[in-house]
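Please work from the sequences and hints to get the whole structure.
Given next are the chains, with one letter for each unit.
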Amino acid sequence: GESVGLHLPTLSVQEGDNSIINCAYSNSASDYFIWYKQESGKGPQFIIDIRSNMDKRQGQRVTVLLNKTVKHLSLQIAATQPGDSAVYFCAEMLNDMRFGAGTRLTVKP
Amino acid sequence: NAGVMQNPRHLVRRRGQEARLRCSPMKGHSHVYWYRQLPEEGLKFMVYLQKENIIDESGMPKERFSAEFPKEGPSILRIQQVVRGDSAAYFCASSPTRQGNEQFFGPGTRLTVL
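So the sequence lines, in the order shown, correspond to chains B and F.
Take the first sequence: its position 6, counted from the start at 1, is 6 in the numbering used here, and no numbers get skipped.
Take the second sequence: its position 94, counted from the start at 1, is 203 in the numbering used here, and no numbers get skipped.
Honestly, the hints are just simulated from the structure, not real lab data.
Each residue gets a CB set at the ideal place from its N, CA and C atoms; glycine is no exception.
Check before you lean on any hint, since a few could be wrong.
Said to hold, decoys possible - From the derived model, a few chain F residues whose C-beta atoms are all more than 12 Å from chain B: (1) GLN126; (2) GLY137; (3) GLU150; (4) GLY151; (5) LYS160; (6) ASN162; (7) SER167; (8) ARG173; (9) GLY182; (10) GLN190; (11) ALA198; (12) ARG219; (13) VAL222.
As the list claims (entries may be wrong) - Stretch-level coverage of chain F by chain B, calculated; a stretch enters the list once three of its residues show a Cβ under 8 Å from a Cβ in chain B: (14) 139-149; (15) 211-218.
Unchecked claim - 30 Å max Cα-Cα, derived DSS-like pairs, lysine-lysine: (16) F:LYS180 to F:LYS160; (17) F:LYS153 to B:LYS68; (18) F:LYS136 to F:LYS153; (19) B:LYS108 to F:LYS160; (20) F:LYS171 to B:LYS42; (21) F:LYS153 to B:LYS71; (22) B:LYS56 to B:LYS71; (23) F:LYS180 to B:LYS42; (24) B:LYS108 to B:LYS56; (25) F:LYS153 to F:LYS180; (26) F:LYS136 to B:LYS42; (27) B:LYS108 to B:LYS42; (28) B:LYS42 to F:LYS153; (29) B:LYS56 to F:LYS153; (30) B:LYS56 to B:LYS68; (31) F:LYS153 to F:LYS171; (32) F:LYS180 to F:LYS136; (33) B:LYS56 to B:LYS42; (34) F:LYS171 to F:LYS160.
Here it is, written out as structure tokens:
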């Protein structure tokens, strides 16, 4: 799923599978990127960040990949669990933080 | 260490009334950001403030909306003469510095305009 447009794209995966959520950012000069997770009725929560001098960063069960050539960011979630069901936003930072539209991840048991 | 606090969590107003949304940043954070989120949409930047200063209000409507972050007390987002289109979730975030830092989000205020 790609975070474009105003209405949330959705991604549905089976529990235990890997998830890949994509994001196209807008400004080639942006130097800091964050993935946030937002559960229903709650504020966004930080998942992982990456600076523009890196291509890849790994966290616990999550990996962020940055392709500056095509201005593309992806979030990979390993062994997706029901608790991962949420809306995922990428954000780019230049002068201010700008958010993508988000992707809704649904995990099927 | 308490996180970002927002109140009220839910606010109902009738058209034409005023809405005041409050945000207390995390301890030690002097940078505050307000975002609006419509249902099934992403977060839209509204305004960025430091103590007693508005740094960037490029995302805020020119009329009816104002924001402040006084020397003492919470940041306030004020919407005058609310209309139905103002119904949304309003999130506040704070960070210790501006550049290259994670923003910590509050739980949001859900505004409903009748």
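Results of checking the hints against the structure:
{"no.": "1", "hint": "GLN126", "in the structure": "24 Å, holds"}
{"no.": "2", "hint": "GLY137", "in the structure": "17 Å, holds"}
{"no.": "3", "hint": "GLU150", "in the structure": "6 Å, violated"}
{"no.": "4", "hint": "GLY151", "in the structure": "4 Å, violated"}
{"no.": "5", "hint": "LYS160", "in the structure": "18 Å, holds"}
{"no.": "6", "hint": "ASN162", "in the structure": "15 Å, holds"}
{"no.": "7", "hint": "SER167", "in the structure": "8 Å, violated"}
{"no.": "8", "hint": "ARG173", "in the structure": "22 Å, holds"}
{"no.": "9", "hint": "GLY182", "in the structure": "21 Å, holds"}
{"no.": "10", "hint": "GLN190", "in the structure": "26 Å, holds"}
{"no.": "11", "hint": "ALA198", "in the structure": "9 Å, violated"}
{"no.": "12", "hint": "ARG219", "in the structure": "8 Å, violated"}
{"no.": "13", "hint": "VAL222", "in the structure": "19 Å, holds"}
{"no.": "14", "hint": "139-149", "in the structure": "holds (count 3)"}
{"no.": "15", "hint": "211-218", "in the structure": "holds (count 7)"}
{"no.": "16", "hint": "F:LYS180 to F:LYS160", "in the structure": "6 Å, holds"}
{"no.": "17", "hint": "F:LYS153 to B:LYS68", "in the structure": "23 Å, holds"}
{"no.": "18", "hint": "F:LYS136 to F:LYS153", "in the structure": "25 Å, holds"}
{"no.": "19", "hint": "B:LYS108 to F:LYS160", "in the structure": "46 Å, violated"}
{"no.": "20", "hint": "F:LYS171 to B:LYS42", "in the structure": "28 Å, holds"}
{"no.": "21", "hint": "F:LYS153 to B:LYS71", "in the structure": "20 Å, holds"}
{"no.": "22", "hint": "B:LYS56 to B:LYS71", "in the structure": "14 Å, holds"}
{"no.": "23", "hint": "F:LYS180 to B:LYS42", "in the structure": "28 Å, holds"}
{"no.": "24", "hint": "B:LYS108 to B:LYS56", "in the structure": "28 Å, holds"}
{"no.": "25", "hint": "F:LYS153 to F:LYS180", "in the structure": "26 Å, holds"}
{"no.": "26", "hint": "F:LYS136 to B:LYS42", "in the structure": "20 Å, holds"}
{"no.": "27", "hint": "B:LYS108 to B:LYS42", "in the structure": "21 Å, holds"}
{"no.": "28", "hint": "B:LYS42 to F:LYS153", "in the structure": "16 Å, holds"}
{"no.": "29", "hint": "B:LYS56 to F:LYS153", "in the structure": "27 Å, holds"}
{"no.": "30", "hint": "B:LYS56 to B:LYS68", "in the structure": "11 Å, holds"}
{"no.": "31", "hint": "F:LYS153 to F:LYS171", "in the structure": "15 Å, holds"}
{"no.": "32", "hint": "F:LYS180 to F:LYS136", "in the structure": "14 Å, holds"}
{"no.": "33", "hint": "B:LYS56 to B:LYS42", "in the structure": "28 Å, holds"}
{"no.": "34", "hint": "F:LYS171 to F:LYS160", "in the structure": "21 Å, holds"}
Of the numbered hints stated above, those contradicted by the structure are hints 3, 4, 7, 11, 12, 19, listed in ascending order.
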